[in-house]
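Listed in order, the protein sequences are those of chains A and B.
Following the numbering used here, the residues of the first sequence are numbered contiguously, the last one being 126.
Following the numbering used here, the residues of the second sequence are numbered contiguously, the last one being 439.
Worth flagging that the hints you see were computed from the coordinates, not collected in a lab.
Some hints could be false.
As the list claims (entries may be wrong) - To give an idea of the interface, some chain B residues facing chain A are shown, with a C-beta separation under 10 Å as derived from the structure:
(1) V171
(2) L226
(3) L298
(4) G299
(5) I370
(6) N381
(7) A384
Claimed, not checked - Chain A side only, calculated, beta carbon under 10 Å to chain B, not exhaustive:
(8) L56
(9) G66
(10) L85
Remember, it's a predicted structure, so these values are computed and weren't measured experimentally.
Here a beta-carbon is modelled for each residue, glycine too, at the ideal position from N, C-alpha and C.
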Amino acid sequence: MEDDDKLAIKWFRWMGFGGLVLSLLVFTIYVTGLIPSTVSPSDSAELWSGSSKEYLAETGLAFSPGWFRTITNGYFLSMAALAILASTALPTLAALGIRWFFRRDFLYGSMAVMISAVLIFAIAGR
Amino acid sequence: MQKTIFLGILLLLLFSVGVFAEGISENSVLPEGMPWWGWSLLLFVFCFVLGITAIVAGVGGGILYVPIVSAVFPFHLDFVRGSGLLVALAGAISAAPRLLGSGMASLRLALPMALAGSIGSLIGAHVGLALPSHIVEISLGAVILFIVALMLLAKRAEYPVVAAASPLSFRLGISGTYLDGATGDTVHWKIHRLIPGFFLFFVIGFMAGMFGLGAGWANVPALNLLLGAPLKVSVATSILIIAINGSAASWVYLNQGAVIPVIAVPSVAGMMLGTRIGAKMLTRSRPTAIRWVVIGFLILAGLRSLLAGLGVI
Numbered sequence: 001m002e003d004d005d006k007l008a009i010k011w012f013r014w015m016g017f018g019g020l021v022l023s024l025l026v027f028t029i030y031v032t033g034l035i036p037s038t039v040s041p042s043d044s045a046e047l048w049s050g051s052s053k054e055y056l057a058e059t060g061l062a063f064s065p066g067w068f069r070t071i072t073n074g075y076f077l078s079m080a081a082l083a084i085l086a087s088t089a090l091p092t093l094a095a096l097g098i099r100w101f102f103r104r105d106f107l108y109g110s111m112a113v114m115i116s117a118v119l120i121f122a123i124a125g126r
Numbered sequence: 127m128q129k130t131i132f133l134g135i136l137l138l139l140l141f142s143v144g145v146f147a148e149g150i151s152e153n154s155v156l157p158e159g160m161p162w163w164g165w166s167l168l169l170f171v172f173c174f175v176l177g178i179t180a181i182v183a184g185v186g187g188g189i190l191y192v193p194i195v196s197a198v199f200p201f202h203l204d205f206v207r208g209s210g211l212l213v214a215l216a217g218a219i220s221a222a223p224r225l226l227g228s229g230m231a232s233l234r235l236a237l238p239m240a241l242a243g244s245i246g247s248l249i250g251a252h253v254g255l256a257l258p259s260h261i262v263e264i265s266l267g268a269v270i271l272f273i274v275a276l277m278l279l280a281k282r283a284e285y286p287v288v289a290a291a292s293p294l295s296f297r298l299g300i301s302g303t304y305l306d307g308a309t310g311d312t313v314h315w316k317i318h319r320l321i322p323g324f325f326l327f328f329v330i331g332f333m334a335g336m337f338g339l340g341a342g343w344a345n346v347p348a349l350n351l352l353l354g355a356p357l358k359v360s361v362a363t364s365i366l367i368i369a370i371n372g373s374a375a376s377w378v379y380l381n382q383g384a385v386i387p388v389i390a391v392p393s394v395a396g397m398m399l400g401t402r403i404g405a406k407m408l409t410r411s412r413p414t415a416i417r418w419v420v421i422g423f424l425i426l427a428g429l430r431s432l433l434a435g436l437g438v439i
């Protein structure tokens with residue numbers, strides 16, 4: 001196995017498994033109501049037959065702008081855990097990109113940076 | 127260790143949803159008569175069965191999830207597509223380390239294709255959420271029926287013949303060696319037609335982002351038949367590509383309010399558990415019969431989506 005593969009495996013395991021476990025754990029906290037939420041599960045259920053635009057208009061932000069508001073709100077916390085799962089590729093590619101640049105493999109380094117840029121673009125909501 | 131933690135939390139989740147949730151949702155009974163947690167539990171069980179079926183039938187979970195869940199559950203297509211992407215992504219992320227470790231998945235092959243695919247999926251997700259629902263439903267129905275045709279007609283080559291690697295793939299060092307467990311042979315492979323493949327992966331990424339379908343159904347034939355990668359390398363590398371491309375599209379859905387935890391989390395958990403159990407059942411099942419049942423379901427789901435989009439049903 002190559003070193004590049006080992007690095008990718010490490011990040012996929014950390015972020016993927018961590019995101020998955022966190023999603024389940026935080027969702028459990030969310031549905032049990034242990035942490036108050038701006039959007040309760042029953043609120044979501046009343047809106048899930050409408051489009052995402054209607055949902056967002058009713059419930060407000062998809063994400064909280066502040067970390068403190070995120071950790072004190074079950075809904076935002078649950079979304080944040082899913083977001084970690086969805087972000088697995090970013091640190092993996094960033095780590096690989098740095099390694100490839102140091103190794104003077106500029107073609108692959110540039111590709112990793114370009115994909116990371118696309119992911120950052122998506123995360124930023126562009 | 128990881129499996130134990132995953133199962134422990136899953137049991138805790140099921141227990142919580144069933145016991146505690148009832149108390150906080152007294153006024154949340156839907157017009158259909160079922161409370162939200164009933165739908166979430168039903169979705170979990172449904173996705174668990176879907177996960178087993180997908181593995182035994184030899185198809186990806188993502189391709190089954192969107193058409194069948196949108197046909198059976200009362201959720202808007204936006205949320206089903208958002209959850210479908212997360213289902214495909216979670217499955218790919220959990221499989222990627224093992225495939226990389228076995229030497230089947232190739233990072234050097236995946237990266238150029240993932241670059242094209244991630245740009246395509248980002249644009250596709252934006253287009254999919256901007257279009258009117260009936261247009262998306264008609265397109266989804268047509269794509270599902272096209273996929274069924276692809277499943278029935280596409281030939282696969284275990285070891286495609288690549289006379290000479292294309293100059294670009296040679297320069298990028300895209301080649302590899304792996305030990306085939308079935309034959310015991312060491313297989314050396316190289317690829318050709320990298321530039322057409324790059325454009326094809328943009329289109330595949332666009333469709334995956336637009337419909338939330340995952341993309342194994344298209345990645346594998348493209349890698350195998352167009353680029354000339356061996357079948358096992360194509361399947362493994364396809365999963366690696368989904369793990370990268372799915373990320374960009376998932377974020378578009380997350381940012382635009384098209385992911386709801388009460389739909390996404392039970393779907394991901396059910397599908398992950400189902401695929402693990404499906405993999406164990408694989409040796410005792412009859413894949414051909416189940417594959418035909420899946421194809422039948424996909425035809426029905428594709429037709430339903432097409433007719434619903436056209437306003438016939």
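So, going through the hints one by one against the coordinates:
1. The beta carbon of B/V171 comes no nearer than 16 Å to any beta carbon in chain A, farther than 10 Å, and the hint placing it at the interface is violated.
2. A least Cβ separation of about 5 Å between B/L226 and chain A falls short of the 10 Å threshold, and the interface hint therefore holds.
3. A hinted interface residue such as B/L298 counts as satisfied when its beta carbon comes closer than 10 Å to some beta carbon of chain A; here the least separation is about 6 Å, so the hint holds.
4. Satisfaction of the interface hint for B/G299 is found here, the shortest Cβ-Cβ separation to chain A being roughly 9 Å, below the 10 Å cut-off.
5. The closest approach between the C-beta of B/I370 and any C-beta of chain A is roughly 5 Å, which is under the 10 Å cut-off, so the hint is satisfied.
6. Among the interface hints, the one on B/N381 holds; its C-beta lies about 4 Å from the nearest C-beta in chain A, closer than the 10 Å criterion.
7. Restraint check, B/A384 versus chain A: the minimum CB separation of about 4 Å is within 10 Å; hint holds.
8. The interface hint given for A/L56 is met, as the beta carbon of that residue sits about 3 Å from the closest beta carbon of chain B, less than 10 Å.
9. Annotation: A/G66 was flagged as interfacial toward chain B, and the flag is violated, the nearest CB pair being 17 Å apart, outside 10 Å.
10. At a threshold of 10 Å, the smallest CB-CB gap from A/L85 to chain B is about 6 Å, leaving the interface hint in force.
Going down the numbered hints, you'll see the structure goes against 1 and 9, while the others check out.
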